[in-house]
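**Student:** Below, each chain spelled out in residue letters.
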Amino acid sequence: MKILVPIKRVPDPQTNISVKGDGTGIVTDNVKFVINPFCEIALEEALRIKEQQGGAEVVLVSIGQKVAQEQLRTGLAMGADRAILVLSDDELDAATTAALLAKLVDQEKPELVLAGKQAIDDDANQTGQILASMLDWPQATFASKVEFSGDKKDVTVTREVDGGLETVAFTLPGVITTDLRLNEPRYASLPGIMKARKKELKEIPLAELGVDAKPRVKTHKVSPPPKRAAGRKVETVQELVNLLHTEAKLI
Amino acid sequence: MPASRSDFYAVEDLLSVEERAVRDTVRRFVDDEFLPLVRQHFTDATFPTELTPRIAELGCFGPTVPTEYGGAGLNSVAYGVMTQELERGDSGLRSFASVQSSLVMYPILTFGSEAQKRHWLPRMARGEAIGCFGLTEPDFGSNPGGMITRAKRVDGGFVLNGTKRWITNGSIADCAVVWAKLREDESDPKSEVIRGFIVEKERAGFSRPLMHGKWSLRASITSELILEDCFIPEENLMPGTGGLKSPLMCLTQARYGIAWGAIGAAIACYESALDYAKSRVVFARPIGGYQLVQAKLVDMLSEITKAQLLCWRLGRLKDAGEMRPEQVSLAKMNNVSQALRIARVARDILGANGITDDYPIIRHMLNLETVNTYEGTEDVHRLTLGRDITGLNAFE
Ligand SMILES: Cc1cc2nc3c(=O)[nH]c(=O)nc-3n(C[C@H](O)[C@H](O)[C@H](O)COP(=O)(O)OP(=O)(O)OC[C@H]3O[C@@H](n4cnc5c(N)ncnc54)[C@H](O)[C@@H]3O)c2cc1C
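Protein chains in written order, with this note's numbering: chain P, 23 to 273; chain G, 174 to 569.
To be clear, the hints were calculated from the coordinates, so they are not data collected in a lab. Since the model is a prediction, treat every value here as computed from it, not as a measurement. Hints may be right or wrong, so weigh each one.
[As the list claims (entries may be wrong)] When the alpha-carbon atoms are kept at most 30 Å apart in a straight line, the in silico DSS-like pairs for lysine-lysine are as follows:
id, chain 1, residue 1, chain 2, residue 2
1, P, Lys224, P, Lys54
2, P, Lys220, P, Lys131
3, P, Lys174, P, Lys54
4, P, Lys42, P, Lys243
5, P, Lys217, P, Lys24
6, G, Lys451, P, Lys249
7, P, Lys125, P, Lys24
8, G, Lys363, P, Lys42
9, G, Lys451, P, Lys54
10, P, Lys249, P, Lys88
11, P, Lys174, P, Lys24
12, G, Lys290, P, Lys221
13, P, Lys72, P, Lys42
14, P, Lys236, P, Lys167
15, P, Lys131, P, Lys167
16, G, Lys354, P, Lys220
17, G, Lys451, P, Lys255
18, G, Lys479, P, Lys54
19, P, Lys88, P, Lys220
20, P, Lys217, G, Lys451
Hey, can you work out the whole structure from these sequences and the hints?
**Tutor:** Structure representation (structure tokens):
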């Protein structure tokens, strides 16, 4: 089985983000970048499938600037077999990303695309879904469990939906997007890091894929969340209960 | 692009993608899996052996050993950033990995027979066998050449007698690299040479009592190795060893890792003190707003920055095969003594809180007393350097 895993380079969720003065985006100087956590979960799942099934190939794809090599190398160090970097200096919207991935699916012919449910930078939660519809493939989003049939042709996916779990099944090929509780990604080991040096990382200029990359969605403004107002000290429990009732309207 | 506020000169940018990746992996392991455990282990004077399989899985045992013997084939700078991140956790954790990598796997790789390498190195890389290094004796620390431990040639092997003291991992090790004097010609005292032997824990006449009462490096096992007519077969002699130079070569490797490790401990203390200084209000404002405290913090960051650049350069020299042992002495002496100073000043900045284990500082401060002493005391390195630059020996 061949599994395509798209991974996105995003700011480390642990770092403090500040917004540029002119509101066009976030300050990226001195910010550490990592693999989007949901993509990392997708990669971990792909690696587990590979380990369980033997013979599977895990191919990483990232679309972005050359620096995204670093995240691809990390993915290779975790155990992916090879990587493709589609080079683009521009911010791409979800539809364009999906169109580029669809092109790569045509070329690579994977049986499964395993993607994160969303990237933690723009929180769009669209790429997997748009890709499935472009390919006319079945999709299972927000996966918290992935199980294959004995002949590896069908897959059953448990999805985390509001207030419960839903189980869906489809016949491959298809698209699965991962939720937080699917697994806990491994770290790249030191031997893995050294092995990754020798693995293939192919770069493809965006123009070569023949996809119209003109953005359909434009970012108008980025603004930080409002500052939290300072707390207040109350003298008695009774006062607290009253305020929760009258001011906070929580009880 | 500095990854943290303790990388003032962006030394990060001088590292390769792989070196950064090694740092990130070890950093994550230390933050997520080691730091939550260390306080209890330090209190109980135990090492978290439950982490041994994880440390092995990450590849922290003998990472510079070639892949054919189970290592990762890392370069020395990557090894350095690994020890730095481990010691940001605790000097005991770094010691655990240092001893296994630099003092046990390194001599087996460098001086061992092919059979010894094939037998021990892959097991040690997988964490299935833990080793220790027995050089120091109760009466011979800074001058190990005076050691009393003797090996005597007998039918089929050797008999060892002697006592080693202050041996990291001793009681939990599966084997010890023991240094002892052997007469090539039993009737000629002048034929005596220091040789290295591998002694398995099961050998009759070999015991490894735990040492108690340490107030430093508590999250690390320290033991005595007692050899009483302990027989080991011929094949346990490491054939490439010969003279004091052999253990000293191992110490050069370990000291290299310690020079990097000390930066990790210093960073942990600096960052803790910096956070505290910015939030602790005394008199009119946060103490970080007073000139005296700022001067202390600036001094810490200056020393950390210098130490980082020193190690980076030392590592590049080592990878180029151009590093001299005296250069390692300078880095070990400087970085550890500065880290110890930083820890003491950081302790002071935290006031009373600085003496509690709610913060990592006092633990690092106590640990660094050991680190300043073992692997050549600060002054012994000073004398080594003094001899190097003057050509005059001040040791004796
Ligand atoms: C926790 C811990 C773990 C250790 N782990 C190991 C291990 O795994 N394996 C191992 O073999 N050893 C180990 N050691 C031992 C360590 O390497 C020795 O303690 C160290 O070499 C110093 O020896 P010493 O303690 O005998 O001090 P001494 O040699 O007695 O030195 C005492 C003092 O005298 C000074 N001094 C010595 N000579 C001179 C001189 N010529 N001129 C001026 N000053 C001098 C020293 O600088 C020092 O301040 C460990 C030690 C500790 C504390």
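**Student:** Looking back at the hints listed earlier, which ones does the structure fail to meet?
**Tutor:** 3, 8, 10, 13, 14, 16 and 20
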